[in-house]
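Put the two chains together into one complex, using the hints given.
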Amino acid sequence: MEIATPPAAASLAPRSAAQAMVPPSRFGDKAFEWLTLAMAMAVVLLVILIGWQLWRGSSLAVQKFGFHFLTTSTWDPVTEQFGALPFIYGTLVSSFIALLIAVPLSVATAVYLTELAPLWIRQPIVSLIEMLAAIPSVILGLWGIFVMIPWLRDYPFPLLKRFFGWTPFFSGPIYGTSMLAGGIIIAIMILPIITSVSREILRSVPNLQREAAYALGATRWEVTRIAVLSYARKGLFGAVILGLGRALGETMAVTMVIGNTPQIAASLFKPGYTLASVIANEFTEATTDIYLQALFEIGLVLFGVTILVNLIAQLLLKTLTTTSTTRAVQ
Amino acid sequence: MKPLKFRRKTLALVLLAGMSATASAQMMINGAGATFPYPIYSKWFDEYAKVDPSVRFNYQSIGSGGGQKQILAQTVDFGASDGPMSDENLAKAPGKLLHIPTVAGADVVAYNRPGNPALKFDADTIAGIFLGQIKKWNDPKITTLNPGVSLPDQEIVVVHRSDGSGTTYIWTDYLSKISPEWKSKVGTNTSVNWPTGIGGKGNEGVAGQIKQTPGALGYVELIYAVQNKMPYAEVKNAAGEFVKPNIQSVTAALATADIPEDFRFSITNAPGKDAYPICGATWLLVYEQQKDATKGKKLVEFLKWAVKDGEKMARDLQYAPLPENLQERVLKRIHEIKI
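Quick mapping for you: the protein sequence lines, in order, are chains D and F. The first sequence begins at 931 in the numbering used here and counts up one residue at a time. The second sequence begins at 14 in the numbering used here and counts up one residue at a time.
Okay, chain F solo, but in the shape it has when bound (with noise of 0.2 Å):
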């Protein structure tokens, strides 16, 4: 996403931690999992050596599939996951496994029109567009929503996601919530049995395919619409109000939510006006019971830090914070965890 910086971001890891196979002294704590947070997690790791130098971290951002499977197989300390774990995968886990939510991200709907109008949308429009029923730019729905934007008869090449993501998962956690059509006939996960549209590798896939195709339309995620400059829609949410995708809309989303005990919460169409309605949480999956003291007090800390002072970095990189009701939430529950 931001190859340079992060490049060199990950070089630094790489020789600390070269440098601590050295130096015995310091622990090692491994994660792995979710991509989408990859970039914030480098971050504070990064940060959090200048807060504890005893540590260090070594994350593999390996997807969310592989962060669930191996924190069940307690090969690592921590896992990360862009989707809550289902009930059935949380029954194999070996003891109580701890969702703690950390940053938010939004999927933009971007599409590719002569001039770069700004566009509308609402629930039965983009739910109808991805279930193949409006197959044109010009029809009744779109341009009711959009009155003075000159739409011709032209197809829509729906764009979407070919590999698993988180991204697809909010997608589809979305439309599932919003179209009982959708939910009955193709449901939710990370990867779907797409009605129609054709499928881009990653969110340069998606994004590339979008801006090389007339009359394209298509979801990525937020930060990469933004970096590449890519026209974006407004999206109509659960109050009846268009809202445009950003930070604050996103974090509006986290802070009117109905958010449960045990926080496998999800944030699509969230109650709020001011809640951008497509939107999702991304998660650190640790055991409530940890094994080794002093790595897991160790670990505790750094989440404690992460929750009060890394999400204040969030925002550069483009990631929505947690709000501050749910902040605290998440640190009552890291209290919890036992040592």
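The following block holds chain D by itself, in its conformation from the complex (with noise of 0.2 Å):
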């Protein structure tokens, strides 16, 4: 499109007098119009369709078990309880965990590729974070077994035990195989996407609004805190934001480390459960209606989940972004 302005513009000067007659036709601008909102208005439609569709697929659990299903914690699919709970609690505090690890990891992963790194090193940092968004999510589970898991039993966890075992949450014995395992996948798998997209904003901040601090003597780590951070707040919580929508729905890996086992527990040393990861594991091999229908609630309330902490999120942002501007006026 680029390419073709020139041209255009060229010839644009001995025609200026019959274009002043004539109005320039403004279909392209109408149909290009048209054209993006088709696209917008097809995702919109797409999500309202998979609700919808989720909502048919479970209507006879949602009927029999009704409230239920999100308060109560036995998942039995000989006798055909279902009760959803364990799998939510597991859902968002592994959430939880990846994004207590992987924010401050990759915040500052950004700030020393945009603010501090040499040049020279700054592209093959960049390559090697986007490669480890590239690893397939069951590969990082096997290494989540085989690799991860028993370092994690035999020197971190034994530590944490010993320095904070008085704690209900790093009580208990350690298996290695727990929600701390699932939270800890996970962070490594959203580091990725919360860096390049917190990466990307950096760089957006004006060189004015640094060249400015500095200009006030500002040290590097001030103007790195007022001019850059507090410039990108927003931005950098919606890259948060992207990153818990990964990790709500994270399945493979998860799966694979987190124990599977449908229980509420304080202590982070002991497995749990999240929504994606029963769909995963039972879906294939329910043969009930009623049982088929629960896993279908499942993907459900995941929706719903998914929904419901990313406007929590956006109320939260707006919040942030208006004491923060009364605070700059005042």
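To be clear, the hints were calculated from the coordinates, so they are not data collected in a lab. Where hints are given, some of them may not hold.
Claimed, not checked - In silico PhoX-like cross-links for lysine-lysine, where the CA-CA straight-line distance does not exceed 25 Å:
#1 D:1091 with F:148
#2 D:1091 with F:149
#3 F:105 with D:994
#4 F:257 with F:325
#5 D:994 with F:198
#6 F:257 with F:149
#7 F:63 with F:308
#8 F:190 with F:154
#9 F:224 with D:1091
Stated by the list, open to error - Where chain F lies over chain D, by a calculated footprint (3+ residues, C-beta under 8 Å):
#10 1000 to 1006
#11 1075 to 1081
#12 1101 to 1114
#13 1211 to 1218
For glycine and all other residues, C-beta sits at the position ideal for the given N, C-alpha and C.
Structure below.
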């Protein structure tokens, strides 16, 4: 498109008189507008269709279990008693652990890459991080079982237990496969996306910001904190939300290391279970209608949880940005 | 399970399928279902192409649940399942569905103990461990069965399958037969509400957990334990003998188990002296009344070939073939398919 512009601009001058009389056709603009609108609507429609399909697929289970589905903890395909609470808990907790680990790491990496790193080292690191994103989930899961879990079990977990064993979060026996291991593997998986997006956002911070801060005598740390991070806060938050969306839906790798036990336990050393994992585990062999419908309803719940978490995040972002602007005005 | 060999074969199948699309004379027979017998089925389809080049098979290993669903909806020409269909599901079928048993496999008790000692278990002990009542390796129930093996005061980490599977169906079917408590508390299914233990996804997931966790004990398919050189236990059968799981002891279970006319049988805890108690068969599901005469004829020819000649290939792939008495009964049933 840009290549086509110069000749058009060149031919504009001699015809300018005729153009003044005949208004230029807006057809192209309109068509473009409609086309992009259709594309945008297709995405919205897709989300609505997925929601509707999940709702339709789970109607029997929704009727049978009602609200109890969300508040009970028994998952028994034999007696056909289904409750999703441990899975909801597992999804939220493992994602939260993942964010707790991945956000500081990613943002720090992005800051280093845009603000501090010597130019020659930037591209290799970026490539490496992007390679991490390209590792298939199931490979990461197997690596989790054979490498990460034995290591976690032998070194970091006993240390955590020694220093924080008095809290309920790090008590009890250590098997390796656990909620914490699930959170850690998700953290590894969402690191690349949060880092890449954060890096782009930090790169888009105008240099004037930095120069102004330096001019006021700020140190490097102050420049980064005040001029860069604070300016990019909204965008960084968006990067975290993108990562969270990934975390909630992560399936294969988590399934391999989380232990797949539907229970709600305070200790992060105990095995857990997530919404996405139970679908992946049980969907292929579910033979009875109500069992299949309950799995569909798990999908519906995951859909709902994702939307809800995103909404809360948006609200949080709004309050965050309004308070910061009022502070700025004051 | 045998990735390399296997992939080449699948690739060949895909290529052949692609070629068959251009050669319109070839007939495509579609099937879907169980993953456990997939290696032998794909070998059969491959070999059968040499016997009758005019048919091609398209088999999707989507799981037993999917196989039952698709044959009920008549979207495939045959289904495949690791467990017999329930009465409830059979009632949904638009015509009479036949169960054709093909091969059998076993679940073995695999464990992680230093030095890989040979261990023995009986029904009570296995049920106790999986109900969470036997918690330590030095429990008297285990030590009396294994004199001379040093078993410490260490926790048993129980590992089970987290995904729905025929392997779990066989395992829980066995436990339900030998333990009334298991039957009432947990029951039989492709996945259950486990009283204890951690879940691993797939045979590879369970095997991985057992290998990596000191003191772990779980169940995997026989083929998987053999290929991965994992130690596995002898189990006391219904006749009171300790039997090592292998192809012979599984076929022995098939030979001595009580098999009803509709072939919806279970061979766990079979009475024979040489029978390994924790094993199960896998089935093909076909309609007794075939809708498409030419396709039906080709399908019946294939089924006959599979039972007569295909069974001979089972051993190489670590499946137990049907014993002769059962082969004859199955052949008779195949003859009853109406075209």
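Are there hints from earlier that the structure breaks, and if so, what are their numbers?
none
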